[in-house]
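K.L.:
Kindly produce the complete structure, drawing on both the sequences and the hints.
Following the numbering used here, the numbering of the sequence shown begins with 1 at its first residue and continues without gaps.
Bear in mind the hints are in silico, worked out from the structure with no lab data behind them. Quantities reported herein were computed from a predicted structural model and do not represent experimental measurements. Backbone N, C-alpha and C fix where the C-beta goes; we use that ideal spot for every residue, glycine too. It is possible that part of the hints are untrue.
Here are the computed distance ranges between Cβ atoms for each label pair [to be verified]: (1) L18 to N72: 45 to 55 Å; (2) K94 to S69: 32 to 42 Å; (3) P100 to S16: 38 to 48 Å; (4) A77 to G20: 43 to 53 Å; (5) C125 to F98: 15 to 25 Å; (6) L175 to K94: 19 to 29 Å.
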Amino acid sequence: EKSKTMAIKKNYLLYSILSGFLFAVFFLYLKALLYLYSLQQTVHSVSLFTVGIDFSMFYAAFSIAQTTSNNNPYDVATLMAALHSLHQTDNLSKLGFFYPPFFLLLIAPFSLLPYPLALLSWNVCFLFLYVYIMYKIAPTRFTIALALSFPAVFFNLRWSQNGFLLTSILSYLLLSKNSNINTGLCL
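P.N.:
Here it is, written out as structure tokens:
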């Protein structure tokens, strides 16, 4: 009984140290992102290395679909003009909007906010959803630390991709009662 208690305490200590390390990795990710964002603000340069470049494309595509005369977010010239007005620079890489039209419905609530707040809301909302679903899969503090320190988290936060959303949807479908059918339909 005493050796079992010691083993539990030893494992708890190991998991606590490892969790602390993993949380530290996540906060280093955040610090690196803040540095990149501050550098981007002082240099006024937008490229594929810009924080949130994918979300700015989504945001601009919704703006085009909602307000311009041609309403075509798939038109590269119109999208580049919208990105130019959003970032106030000519230093843009050629980007395109390659998502189905219904993806714009997901962007709609975020488009009601000013761009910096929309970007922050997009990242926080879907990061929270991702961590919540990972916690539902394995409900321990270690799971949260492991999920936050996964390298793809940094890339999703840096470019504001839709990876958190897709991971959450597929993971939720795997957890559901008819997981094989739901996951197959989603794919």
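K.L.:
Take the hints in turn and mark each one as holding or not.
P.N.:
Okay, the hints, checked on the actual structure:
A beta carbon spacing of about 50 Å between L18 and N72 agrees with the range 45 to 55 Å that was offered as a hint. Checked against the given bound of 32 to 42 Å, the beta carbons of K94 and S69, roughly 22 Å apart, lie outside it. Between P100 and S16 the Cβ separation comes to about 44 Å, which falls inside the hinted range of 38 to 48 Å. Our hint of 43 to 53 Å for A77 and G20 holds, since their Cβ atoms are close to 50 Å apart.
Restraint check, C125 to F98: a C-beta distance of roughly 22 Å satisfies the suggested window 15 to 25 Å. In this structure the hint that L175 and K94 lie 19 to 29 Å apart at CB is violated, the actual value being about 39 Å.
In this structure, the earlier hints numbered 2, 6 are contradicted, and the remaining ones agree with it.
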